[in-house]
Amino acid sequence: MCSEILIDMIRSVKPPGGWKILILDEVALRIVNSCLKLSEVLDENVTLIETFGK
Numbered sequence: 014m015c016s017e018i019l020i021d022m023i024r025s026v027k028p029p030g031g032w033k034i035l036i037l038d039e040v041a042l043r044i045v046n047s048c049l050k051l052s053e054v055l056d057e058n059v060t061l062i063e064t065f066g067k
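Here my numbering runs 13 ahead of the position in the sequence shown, where the first position is 1.
None of these hints come from the bench; they were simulated from the model.
Be a bit skeptical, because a hint or two may be false.
[As the list claims (entries may be wrong)] No more than 20 Å apart at the CA atoms, straight line, and that leaves these computed lysine to any residue pairs for SDA-like:
1) Lys50 x Ser25
2) Lys33 x Val45
3) Lys33 x Val59
4) Lys27 x Ser16
5) Lys50 x Cys15
6) Lys33 x Ile62
7) Lys50 x Glu63
Start from the sequences and build out the full structure, keeping to the hints where you can.
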């Protein structure tokens with residue numbers, strides 16, 4: 014269930030070039046990591062995952 018929600022959220026972003034960058038805080042990164050495999054995220058045209066925080 015959580016994987017479907019996250020994939021839908023990523024798919025809803027439609028940048029002009031088609032490629033996406035995820036910028037996540039530590040909590041969001043843990044959520045994404047617990048619900049999705051890296052390959053699932055990359056399959057949605059995400060080219061970079063960056064974290065910010067401490």
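May I ask which of the numbered hints given earlier this structure violates, with the numbers listed in increasing order? Violated: none.
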